[in-house]
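Trainee: What follows is each chain in one-letter form.
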Amino acid sequence: MATSLRCFLRSGKKAVLVAGRRGFQRSAPAGVQVTVRDALNQAMDEELERDERVFLMGEEVAQYDGAYKVSRGLWKKYGDKRVIDTPISEMGFAGIAVGSAMAGLRPICEFMTFNFSMQAIDQVINSAAKTYYMSAGLQAVPIVFRGPNGASAGVAAQHSQCFAAWYAHCPGLKVVSPWNSEDAKGLLKSAIRDDNPVVFLENELMYGVPFEMTEESQSKDFTVPIGKAKIERPGNHITLVSHSRFVGHCLDAAAVLAKEGIECEVINLRTIRPMDVESIEASVMKTNHLVTVEGGWPQFGVGAEICARIMEGPAFNYLDSPVTRVTGVDIPMPYAKTLEENSLPQVKDIIFSVKKTLNV
Amino acid sequence: MKWRRRHHHPSLFLSTLNRILKTTTEPPDAAAVISVRSYADFTTQATFEIKKCDVHKLDEAPATEVVMTRDEGLQYYRIMQTMRRMELKADQLYKQKIIRGFCHLYDGQEACAVGIEASINLTDHLITAYRAHGYTYTRGGTVKEIMAELTGRRGGIAKGKGGSMHMYCKHFYGGNGIVGAQVPLGAGVALACKYHGKNELCVCLYGDGAANQGQIFETYNMAALWKLPVIFICENNRYGMGTSVERAAASTDYFKRGEFIPGLRVDGMDVLCVREATRFAADHCRSGKGPILMELQTYRYHGHSMSDPGVSYRTREEIQEVRSKSDPISLLKDRLLSNNMASVEELKEIDVEVRKEIEDAAQFATTDPEPPLEDLCNHLYHNDSPVEVRGTNPWAKLKSVS
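Chains A and B supply the protein sequences, listed in that same order.
When we follow UniProt numbering, the leftmost residue of the first sequence carries the number 1, and every step to the right adds one.
When we follow UniProt numbering, the leftmost residue of the second sequence carries the number 1, and every step to the right adds one.
Simulated from the structure, these hints should not be mistaken for laboratory data.
There's no promise every hint is true.
[As the list claims (entries may be wrong)] Only pairs whose alpha carbons sit at most 27 Å apart, straight line, appear in this in silico DSSO-like list of lysine-lysine: (1) B:397 to B:161; (2) A:130 to B:170; (3) B:161 to A:130; (4) B:397 to A:228; (5) B:397 to A:286; (6) A:81 to B:198; (7) B:198 to A:76; (8) A:230 to B:198.
My request is simple: use the sequences and hints to build the entire structure.
Mentor: In structure tokens:
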């Protein structure tokens, strides 16, 4: 939205922001500061209220208020029937959630992190994603699988994997990856209202980050459409495409580069599948340069897919240099702080890649 | 219990029978019997002794003396015979390469599907694994659309897009290819039943092979914890593909494997045993006591699938012995005849009609065209506007509608 954009540009002129701090307002137009956590909470609260078939299940979602407090207050408000604590049985409870969706409910199935979804991945893919097709439209599966995805801080290799590429590979699924509070709230509401299986990839490091939300986005009917990317910052010299937390890194890099006269157009994908390739193409046809930024591993990743799609489409002829991918390092995530920091794209990596791509 | 059949009834006897079945759920009264006057010399119902079930964590057991009416008997006979002939026809079509891929046949196990359906309502729910043709039929699919799905035609129950293992109809959730995955799904359906509060339950089936899947134990735990109205049913046909139960399970007492869930071990070759046990189990669920587990001891005549001759891990003598001593259709036929509940000619007439129905269905299944290429990408998403789908090359932009 225009107000958030202005606020980012303003703060960018002052200093390079450390990744994680975002969007503190100087003056306050008609908006309010909401953390991503609260935005997700509001989305679920509103949808639980709106449709009695919606319910939430997962580990610690009820009486603990959520492992990351995303579902705080919901059990108190809606009770045992609508907010269900499960035992530690991912494959079992994911299957139960899918079965309940087949029989007419609208479950939100939380994985404490998407790393644990691997235990249940057969239910997500074979029971949820493929069923509408296999049944030739007889059996829909209106379910949302949500939880934190990708790297956190110091949680090491088994708890830091990004699953965007794995899930987005599969037809029949929709895969959504919000960045800020408006994304989080609007996309989660859309996901819950969608009659198809949606994998909703949150980010733990973003939960506590406040963003300004417009008055419009406070409405109970506010949704953000699945499948449409957003241009967070317009620019003419180069396109940066990203999703989730790294959109913020791109905006930080853009702020630094702007001082050197390089104007980056930053695109927030919002949805990984179906991907809004048209928005990327339109931007590339304007800027002639493209850098993709993601936290996941390089091989067979989101950036790799963007490269392939750009090559297959009209934007290829507008490229003045090959597409550059900025990704996580191709290793399991280490624990030590310095090693971990250097396993993921930093703002300086994005700046470096932009300059290399522009050959400046 | 109401049966809905969507096929034609050429003879007066059958249309009368059908009218009776549609309008009554109890044995027909005198007026109805008069309308089938020519058969008035038959016994209208009889009491039968059935095998006692072994129980686990239960103080009571299903009754061992049960009543079957003539109409029920004829109904069960017809449905089991239809299932038997349908599976044998599928065998034939598979050997002619008209059915491809996986084909897991149910012949020998008919009493399970028929006995279960006899004690639940069509408003209840049922889910099973891949040996699903019989259940698709008892849940309301027609032979025609089942066979056309096997041959992959547009008239198939899933328009040819699912095949043998992925057939669906109202309150029937397939047809599931991944061993054991259907069990959590079934508990989820039961959760929805409890949530909606309409006193419906879910019958959730799996085999002796699947019984060793971890997700089933996760499901037992949650179903018991939350008192979900689910009847878990293990169809123990003694072999998980080529592995006998003794070689796969440390405990072959499948009815006890639910540990804290009460269990029954049932003679799965006797339709009345299955019916009575299901009635007992359904009462248990509907009274809010939570899940219950039934092990049906049954047998499949065919191998695991059409690619398995079924004789490398068991003897032909064993198969022959079951056929001669425990065939579910023969058992029922003997009961009907020896209690003067039906005549040989009457049953033969049913056989002829069934054979014709199967032939007609096979004819349809072999002549109906395959789904059109335009249907290739459809049914990806529900209630969505049309999307473009990438084909095999970048210039192939295919269309998908909901």
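Trainee: For each hint, tell me whether it holds in the structure or not.
Mentor: Against the structure, the hints come out as follows:
Between residue 397 of chain B and residue 161 of chain B, the direct Cα distance comes to roughly 20 Å. Compliance with the 27 Å bound is thereby established for this hinted pair. A threshold of 27 Å between alpha carbons decides the hint, and for residue 130 of chain A with residue 170 of chain B the separation of about 18 Å falls inside it, so the pair holds. Simply put, residue 161 of chain B and residue 130 of chain A have alpha-carbon atoms about 11 Å apart, close enough for the 27 Å limit, and the pair holds. In summary, the hint linking residue 397 of chain B to residue 228 of chain A is supported, as the alpha carbons are separated by about 19 Å, within the 27 Å threshold.
About 25 Å separates the Cα atoms of residue 397 of chain B and residue 286 of chain A, which keeps this hinted pair within 27 Å; it holds. Between residue 81 of chain A and residue 198 of chain B the alpha-carbon distance is near 15 Å, which keeps this suggested pair within the 27 Å criterion. Proximity of residue 198 of chain B to residue 76 of chain A is assessed by CA-CA distance (about 26 Å); at most 27 Å being required, the pair is judged to hold. Taking the CA atoms of residue 230 of chain A and residue 198 of chain B, the gap is about 45 Å. The hint is violated against a cut of 27 Å.
Consistency note: the structure conflicts with earlier hint 8 alone.
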